[in-house]
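Using the hints provided, position chain P relative to the given structure of chain A.
2 protein chains.
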Amino acid sequence: MDADKQPLRIGLVGFGCVGQGFYDILQQQPNLGLRVTRIAVKNPTKPRTLPAERFSYHADELLADPELDLLVEVIDDPAEAFRLVSTALRQGRRVVTANKAMLARHLPELVQLQATFGGTLLYEAAVCGSIPVIRTLDAYFSHEPLRSVSGIFNGSSNYVLTRMSEEGSDYAPALAEAQALGFAETDPALDMGAFDPRSKAVILAAHAYGVFLNTEEVLNLGIEGIGAADIAYAAALGQKIKVVAALERLTNGRVTALVTPQLVGPESPLYAVEREFNGVVLEAEYAGTQFLQGRGAGGHPTGSAVLADVLAVQRGTHYGYAKQDTAPEAQLLEELEVEVYLRHADEGVLREVLTWLELPADAIQHDGYGPYATGVVALQQLFAWRKELRQNGVFVARQGAVRLTAPVVQEAASAWA
Amino acid sequence: MDADKQPLRIGLVGFGCVGQGFYDILQQQPNLGLRVTRIAVKNPTKPRTLPAERFSYHADELLADPELDLLVEVIDDPAEAFRLVSTALRQGRRVVTANKAMLARHLPELVQLQATFGGTLLYEAAVCGSIPVIRTLDAYFSHEPLRSVSGIFNGSSNYVLTRMSEEGSDYAPALAEAQALGFAETDPALDMGAFDPRSKAVILAAHAYGVFLNTEEVLNLGIEGIGAADIAYAAALGQKIKVVAALERLTNGRVTALVTPQLVGPESPLYAVEREFNGVVLEAEYAGTQFLQGRGAGGHPTGSAVLADVLAVQRGTHYGYAKQDTAPEAQLLEELEVEVYLRHADEGVLREVLTWLELPADAIQHDGYGPYATGVVALQQLFAWRKELRQNGVFVARQGAVRLTAPVVQEAASAWA
Chain A
1 MDADKQPLRI
11 GLVGFGCVGQ
21 GFYDILQQQP
31 NLGLRVTRIA
41 VKNPTKPRTL
51 PAERFSYHAD
61 ELLADPELDL
71 LVEVIDDPAE
81 AFRLVSTALR
91 QGRRVVTANK
101 AMLARHLPEL
111 VQLQATFGGT
121 LLYEAAVCGS
131 IPVIRTLDAY
141 FSHEPLRSVS
151 GIFNGSSNYV
161 LTRMSEEGSD
171 YAPALAEAQA
181 LGFAETDPAL
191 DMGAFDPRSK
201 AVILAAHAYG
211 VFLNTEEVLN
221 LGIEGIGAAD
231 IAYAAALGQK
241 IKVVAALERL
251 TNGRVTALVT
261 PQLVGPESPL
271 YAVEREFNGV
281 VLEAEYAGTQ
291 FLQGRGAGGH
301 PTGSAVLADV
311 LAVQRGTHYG
321 YAKQDTAPEA
331 QLLEELEVEV
341 YLRHADEGVL
351 REVLTWLELP
361 ADAIQHDGYG
371 PYATGVVALQ
381 QLFAWRKELR
391 QNGVFVARQG
401 AVRLTAPVVQ
411 EAASAWA
Chain P
1 MDADKQPLRI
11 GLVGFGCVGQ
21 GFYDILQQQP
31 NLGLRVTRIA
41 VKNPTKPRTL
51 PAERFSYHAD
61 ELLADPELDL
71 LVEVIDDPAE
81 AFRLVSTALR
91 QGRRVVTANK
101 AMLARHLPEL
111 VQLQATFGGT
121 LLYEAAVCGS
131 IPVIRTLDAY
141 FSHEPLRSVS
151 GIFNGSSNYV
161 LTRMSEEGSD
171 YAPALAEAQA
181 LGFAETDPAL
191 DMGAFDPRSK
201 AVILAAHAYG
211 VFLNTEEVLN
221 LGIEGIGAAD
231 IAYAAALGQK
241 IKVVAALERL
251 TNGRVTALVT
261 PQLVGPESPL
271 YAVEREFNGV
281 VLEAEYAGTQ
291 FLQGRGAGGH
301 PTGSAVLADV
311 LAVQRGTHYG
321 YAKQDTAPEA
331 QLLEELEVEV
341 YLRHADEGVL
351 REVLTWLELP
361 ADAIQHDGYG
371 PYATGVVALQ
381 QLFAWRKELR
391 QNGVFVARQG
401 AVRLTAPVVQ
411 EAASAWA
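Here the protein sequences come in this chain order: A and P. With the first letter of the first sequence counted as 1, position 379 gets the number 379 in this note's numbering; the numbers rise by one all the way through. With the first letter of the second sequence counted as 1, position 258 gets the number 258 in this note's numbering; the numbers rise by one all the way through.
Since the hints were made in silico from the structure, they are not lab data. Computed from a predicted structure; not experimentally measured. Cβ atoms here follow ideal geometry from the backbone N, Cα and C, with glycine treated the same way. Treat the hints with care, as some may be off.
Said to hold, decoys possible - Where chain P lies over chain A, by a calculated footprint (3+ residues, C-beta under 8 Å):
1. 125 to 137
2. 142 to 149
3. 280 to 292
4. 302 to 314
Unchecked claim - Pairs of lysine to any residue residues, derived as SDA-like cross-links and limited to a Cα-Cα distance of at most 25 Å, are as follows:
5. Lys387(P) to Thr355(P)
6. Lys42(P) to Leu68(P)
7. Lys5(P) to Phe117(A)
8. Lys5(P) to Ala322(A)
9. Lys42(A) to Cys17(A)
10. Lys5(A) to Thr317(P)
11. Lys5(A) to Gly320(P)
12. Lys5(P) to Gly316(A)
13. Lys5(P) to His318(A)
Unchecked claim - Under 10 Å between C-beta atoms, here's a sample of chain A residues computed to sit facing chain P:
14. Gln29
15. Pro269
16. Gly298
17. Thr326
18. Arg351
For reference, chain A alone in the conformation it holds in the complex:
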């Protein structure tokens, strides 16, 4: 940095895994021209790695401080995060956040606030940790039509799947291990129930397609019901089970999004994405297939992404959301179907599940681990019964691409005739 330049004064809200990772990287690189001048945390009694006088216990004090050049928000609570970030943007401030749940819920409003008040919000660390996927979609592919964006967006559930597959671990100890390593959200249901990758898919949809999806309307199925039988079933087919978030442009031009366990073969780059790593496959019209892989969790990797955003803000970067004006519509679930694999140890439960999903009773098969079923189901049914499937510990994975139902395809064809 230039000796005569004032360092950029950063207000840091949150000092958990990401906040400490970011702070630590800055301490190790004192010549970047960046200084964390204030840190706000919620809990005054929690032991900290820095002396107590470094902390404020009221984030609002940072919002009221005109000396701060930039706010980094890395707290856990989406509602409080939105209050802080939206207030800062109303002040025209420059903000970096890693809060995916908050972003997924409020993205249209946050984009509007930037346009109205001239502030900037960047959030690379919110999706796929250290992988620069948001800026790649937003800037590099700003005008490249994308057929699909799919990937492993949750390091914690991927870690569990890897451990179950490699070591034959059971679900519970593998989850405990991921939590001990600090890869997991405070509430494990966010990771294991695929709520966390769903938020990330919704964020990417804004940059990949210019579409602002309603998070609650995106189907997410988790791995809470997974067992050794499912891992073995996939392995027998030469495949692995991965939680794949997928955005896809359908043949009718509309966009669909879903996050579910999926059987993935070695022909996919996602097959080799293991442990806490994340990976994203982009199918681009002109550029062809692109694949990005990197650490999806951890203090330093995510802190490094926060730092990259801080430096980008300093250079005057903001997201373009270039595809907003030509955004396709979101595809209705009613018109989509997908082939699934279902398993539950109790054949009675499984039989009931088949009636929910309108699959025939003879869809049930047996292998060395007990009963399972496969068949093509309407996405609408999976969505309608998703809570019951979760509560009953039914494991569901998709076995192929989401597609428009035959009547919709015929209708589209006759409209062209």
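Only chain P this time, still in chain A's reference frame:
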């Protein structure tokens, strides 16, 4: 685009594979606010896909045209490309190029010209086709210390290696196939002799480490001497042969670069990079391991990268070369060694090669395909004899990491003691 905005007027110099790919993408997306108003080509008699009146046969006419907002240079000839690009930069113009040989030779001067005359030069398409590796290194990792940057940077030689490995093709027909598919440079020696990926490694070194290497001093070994025996040798070890370009920060803090065939195992993401695809592995201090993969050749993928640069120029983007001020020194070859595998069908030739490289005569072994040798050699010797190795059709691949020689490591240790 805004209806009241004038389209950006582009002068396109070169209408080969990349130029046509770029032009074609623009034709398919007429609403981007970009218009190719002039095209210059060299050869007036060559058949073209556009009417003759679209072309100028004097690129200097474009340089003299004050109406052009931006120049895209995608010709084959590095000397003429440098003359055009440097002249345009002296005019303070905005330029996009894909000419890696020109860039590798003249980068310091081109950076200086931008600083002096206020122009801009972007060149994402010059390295790894469609993969946004330059902007990722330059901006996203602008302040992230990198341990290494290594990858497959040449789609043409990688295509040949894939075909030899998959189909058991011989070298010559596999090369002819790559050329027929349009993946190869006009002069196949650039691809097969690893001159092309060497240029790309030199370009990346400027962004990854702030180091401007002298291209001629970087060791490059090609695959002209490869045969079925080498593919089989690697396969027997569960590995593949890939041409890997590697930049590495050594334990003494210096940076080294080399491009050679290398035995790569399935633990590396490069193992799965096949055909014309390119891949780059970044080992970052805080972000951890990153991997990017995409099409490294072809008109549309490379044209798409050119388009991304044009749009970036329009947004005011320029490279930061942030690591220039803290750039480490380049490591002298004299102090480096590496383990290699060598093969030549004629044992007499192989024996002579061992004397060149100061390997013992008993380094020769035999397998079903004939004689080969392995051993640790000084990088300086490989560099000194590189032309003779090439001329004699000796195949050389490295089997491990480049490392400082024992005396250098001891010296460094005693300096610390």
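(message) Given the hinted pair Lys387(P) and Thr355(P), is their Cα-Cα distance within 25 Å?
(response) At roughly 15 Å apart (the allowed maximum being 25 Å), Thr355(P) and Lys387(P) satisfy the hint.
(message) Tell me if the straight-line CA distance from Lys5(A) to Thr317(P) falls inside 25 Å.
(response) Answer holds: Lys5(A) to Thr317(P) is near 22 Å, not above 25 Å.
(message) So if I understand the rule, the pair passes when the alpha-carbon distance is 25 Å or less; does Lys5(P) with Phe117(A) pass?
(response) holds (24 Å)
(request) Between the stretch 280 to 292 of chain A and chain P, see if three or more residues pass the 8 Å beta-carbon test, and mark the coverage as holds or violated. (result) Since three or more residues must qualify, the claim that chain P covers the stretch 280 to 292 of chain A holds, with 8 doing so at under 8 Å.
(message) So if I understand the rule, the pair passes when the alpha-carbon distance is 25 Å or less; does Lys5(A) with Gly320(P) pass?
(response) Roughly 17 Å between the alpha carbons, so the hint for Lys5(A) and Gly320(P) holds.
(message) Holds or violated: the hint that Arg351(A) contacts chain P, with Cβ atoms closer than 10 Å.
(response) violated (41 Å)
(message) Thr326(A) was flagged as interface toward chain P. Is the shortest Cβ-Cβ separation under 10 Å?
(response) At 8 Å from the nearest chain P Cβ, Thr326(A) passes the 10 Å test, so the hint holds.
(request) For the pair we were handed, Lys5(P) and Ala322(A), check the Cα-Cα distance against 25 Å. (result) With Cα atoms ~16 Å apart, Lys5(P) and Ala322(A) stay inside 25 Å; holds.
(message) Need the status of pair Lys5(P), His318(A): alpha-carbon distance at most 25 Å?
(response) holds (21 Å)
(request) Have a go at the Gln29(A) hint: is there a Cβ in chain P nearer than 10 Å to its own Cβ? (result) holds (7 Å)
(request) Mind checking the alpha carbons of Lys5(P) and Gly316(A) for me, to see if they're no more than 25 Å apart? (result) Status holds; Cα separation ~22 Å.
(message) Verify this for me: three or more residues of the stretch 302 to 314 of chain A with a beta carbon less than 8 Å from a beta carbon of chain P.
(response) Coverage by chain P holds for the stretch 302 to 314 of chain A (7 residues, Cβ < 8 Å).
Of the hints listed earlier, the one the structure fails to meet is number 18.
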